[in-house]
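Quick mapping for you: the protein sequence lines, in order, are chains A and B. Counting with the working numbering, you get residues 1 to 289 for the letters of the first sequence. Counting with the working numbering, you get residues 290 to 677 for the letters of the second sequence.
Hints are supplied without guarantee of correctness; some may be wrong.
Stated by the list, open to error - With a cut-off of at most 30 Å between alpha-carbon atoms, the simulated DSBU-like pairs for lysine-lysine come out as follows:
(1) A:Lys187 x B:Lys292
(2) B:Lys358 x B:Lys414
(3) A:Lys187 x B:Lys414
(4) B:Lys539 x B:Lys631
To be verified - From the structure, some residues in chain A lie toward chain B, with a derived Cβ separation under 10 Å:
(5) Leu189
(6) Glu190
(7) Ala191
To be verified - Which chain A residues stay away from chain B? Per the calculated CB distances, all over 12 Å, these:
(8) Val73
(9) Ile74
(10) Asn141
No lab work stands behind these hints: they were computed from the structure. Note that the Cβ used here is the ideal one computed from N, Cα and C, for glycine as well.
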Amino acid sequence: MNRKTNALVQRLTLTPYSVWAALFIVVPLVFVAYYAFTDSAFHFTTENISRFFTATSQLDDGTGMREVHTYLVIFMRSLKLAVISTVICLLMGYPLAYIMARASDRTQKILLTLIMIPMWMNFLIRTYAWMTILQDTGILNGFLSAVHLRTVHIIGTESAVIIGMVYDYFPYMVLPIYSVMAKLDVKLLEAASDLGCPGPSVLRRVIWPLSIPGVLSGVTMVLIPSISTFYISQKLGNGKFFLIGDAIEGQYVANNLHFAAAIAFILMVILLVCMALMQKLANRKIIVA
Amino acid sequence: MRKIIELKNITKSFDGEVVLDNISLDIYDNEFITLLGPSGCGKTTTLRIIGGFETPDCGDVIFMGEDIKDVPPYKRNVNTVFQRYALFPHLNVFENVAFSLREKKVPKDEIKRKVTEMLSLVALKGFEKRSVTSLSGGQQQRVAIARALVNQPKVLLLDEPLAALDLKLRKDMQVELKNIQKATGITFVFVTHDQEEALSMSDTVVVMSEGRIQQIGTPVDIYNEPTNAFVADFIGESNILDGVMLEDRKVAFAGHVFDCVDAGFAKREPVDVVVRPEDVDIVPEDKGQLQGVVTSVTFLGVHYEIIVDIKGFKWMIQTTDFCDVDEKIGLYIEPDAIHIMKKSEYSGMFGDYSTYSDEMEEIGEVEIGELAEYEEQEAAPAESETEK
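Bound conformation, chain B alone (with noise of 0.2 Å):
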């Protein structure tokens, strides 16, 4: 795969607060790359970089192999969708799609041709007169979408495009999206703050917090083999333990010596260690490699999510088995869900969910906009839980 467009140690900061942090990243041709991270870690930043409404304090954007850090946004071959779709409200669904072809001239005839086109590609075929202010979320972000698209850009940067909608429509434009990046074969920068979004529809997830990128990699490797503690406590739930390696293939943690996959470390190294809550095993409390006491039962549908104390630390575990709140339980976990991590600076700060509610607390200190998605994601579960 050729690569696009290449970042090069970008710093970037706002009165004196710095928003990026000697971030590094290459973007190949016809992927679908992610952007992923909590409110302020950088994200939005890196795509305005890319799509020229911010000029790094310093680093290097190649695009194609030519450095266009000091090319205006109207002369680069990328185009945006923006987070509120930024449509011109004075002009009809037909003239917004076309607003770039008229700037370079291009003939009428082949403008209603690449109009016609794209409105049918987004599904809003017989459209073209409607005003778009009396359009709803979803019509207005296709328009959006159909106008970034027309021109035909080397590369899309969406930038949380989806966040606006509710969420059965925000899943239909999901399967929408990734359907029209496969068909253009155009590669699409997406940032959003939603991890299963992210999952769901990239090529490669970019994992970033506080101005760094943490991780970058397939969805599968994300989830899988997350490189540090927030990583895996963002992606997806975890439980996060302080362990220390034996040896090769043997941990301990939670008072317990572990079979595991994972190799490599300096005998007695401190690590963390990562078990996902639907990779924990409940069995009788006396076949169980750790014992504890379910203390509380949530029913979320597909699954049970339940909170285990095993000596003071609370797990999280997702199971289809029912336990009863105070029930003691054995759990057993193969040694392919144990996953090893390096300490880092995240080491501590999360996976116990003891603090479940006081998680929820910092996640709403995300902007308003994304704080409804969160309380719709996350409030259910954590009002339950603070409720027994």
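The following block holds chain A by itself, in its conformation from the complex (with noise of 0.2 Å):
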């Protein structure tokens, strides 16, 4: 075979794969980029991108009744609940991802398949269960009350929701971490210990350094569904904590998807900003001591 018809051959096996590409992914973000800009007529405005940075609300923050800016306390809220998700997701789950990748082939499986059998379950349902053990007379208060300990109340308040999000993104901190720790070469552990580290200071010299690619994408595929999240807080929260994922589906509900689409648009932007800085930060060498 020649190298024409090597290439003709090499772009036709791609096409069904770039038609799917195009059709589910480019032709959906460009609708959303058209409603954004569009009212409902489909006239060009920039209304629904403002509308999103200056409509204000009353709100009653226990002084009394304050105007702010109802999307930027939304996506703050949303911002804080993320991130907190993400920073409990990483402390659990480094070290859970180096002890699996130092434990024996067989424990690393079943550690892996032990984290992985909750994904094979319906996000919804992993969120009705934690209802469930939560509710003020659900299982956990349940427990407690039969051990004669104080039940509490977790429903309805932002610890149940950071809960449930740490409960789903979990697997996917653990695992590009987990990855990365596993192709890490012993030898150099090695070498660091003989070179005068003890423990901690290999873990802080050697394994940080090493494993940051690894922190950085989990750190990405946890913060950024945890911030578009929305039924988890509905449910959890008692639909209490409006985050902006509830504001979108509450505005594509009502029917007003141009604002939907600007509310999208604009988290999408800021999230490709944050991820075009944390490959800047995951490309640069790192040259610490």
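With the hints as a guide, bring both chains together as one complex.
In structure tokens, the structure reads:
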């Protein structure tokens, strides 16, 4: 086969994927942008975008009613919960990934399966499961009262939302870090030890810097879906914590497609900027002692 | 000379398989000592026990009079050059070398002075800011040496450090390592499976096989006075024959009684006789002590390697005189070229060059990294041998 036909074959075999990508990724994105910048008569407008930044409403912050920028407050709240969840995922996931990468092949397989099993279940069902656990009369409180401890009120609080998010996104933090750690050359750890580093130093000076690519992709994979999450906050937060994802859903359900698209578009731009920054961070050669 | 490390009756097994079987070894100050042996002989495990990466099942590791068996690697005054260098990919050349100094919180200007000094010792001045992944194999090797030496350890452990380099570079690095060792006065414990490397660099060679030490001695001793058939076979080429010691300085083998220089054996004691291929003189048929037929001739540049069939036993002889295949020749062996060894478990396993190609298969069992080098060294003569 000569090179020309080879190239042709290559292009032909790629066609289904290109078509798929265009149809289901590019076109929808173009539509989102199109809706974001048009009004209901499909005339160009930036009103939807500016509404996101300017819309205000009354909020009771405990000291009385105050006028706030509705969507900016919602966005900051989403960001806060997402960041907290991501940090918790990282704090729990990093040590687990490390332990897994150093465990025997058998243990690694078992742990991997255990982490992935919840992912086989539907996301909504997992969230409902947490509702039954966390409710005031749920499994957790049932257990607490059975052992004569004080019951706790979790459902409808930020903690419940964070628990739900951490549970749902935890595998996305562990797996990328694990895959980087598993590839780490044991000889490097021995070399560090040989050169005078006790355990904590080996972690700080060798393992951590070399696992940063895994950490960055883990953080990206948890932070982004948890910023735009909407269902968890409705179910576990009793709808009290209106997040940016809820705002998009609300506008969409209210048939306010153009504004929903505008919020989605702004969120997308912010996330793209964040990802670009993280990529830059990851690509930079880390030369620190 | 002062003893710096003593290994006493070290035994180590992995998953029930004995890797080190009651090893005892003294390492002296300022010495270049080489652990030599085929893959799986326990040489790397011995090194890792000294480095602290493995704990022996039993036995003691004494470092300058102190038992360090339970001291972790980071507290030992010993540094290692790893087989594939194990440089830190996230750090540049300077920071790799400075790694141990930063851990000890050495002042900045002193770090700079020491690292610069080390980099000039290994001829890498000006490479400070380079990424280690951009360096060639030889350069990475030098960084690894500088990194291990910057701490001025008492002992430097080198685990097959030249295995990944090509032949020419390996020769250069051998000379350079030897010079560095002399310049620094640090004890080098060097692990290799390459006998030539071991002979050319070391003050002391420790030949190991199957988890046991076969012989400890200077390169000249090891080559000229191998203690058993394994050592004789592993170090250089040897014809190893069954013989009988008739009396002091008289030995019979290959159907002839030879004068030799060895004594102290029992009367009529069966022995192994070693004759090095370069120690056999080719003479006209009627003037030889032995007569045989040439079965193969290989030109190797410096000399010819010829295989001679003497009563069914194939001898290897290295000579600068050309002989033709099927030519009948006589062999003459000087008394001091005949070396007598006591019988051992290795008797009868080596020395007949009719199995030269079979020997290759055995060597083929070494791990992949080592294989390439064996092929480089051994494949050429072996192939031409089987073609004939």
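| message | Run through the hints listed earlier and report the numbers of any the structure violates, in increasing order. | response | Hint check: 2 fails alone, others pass.
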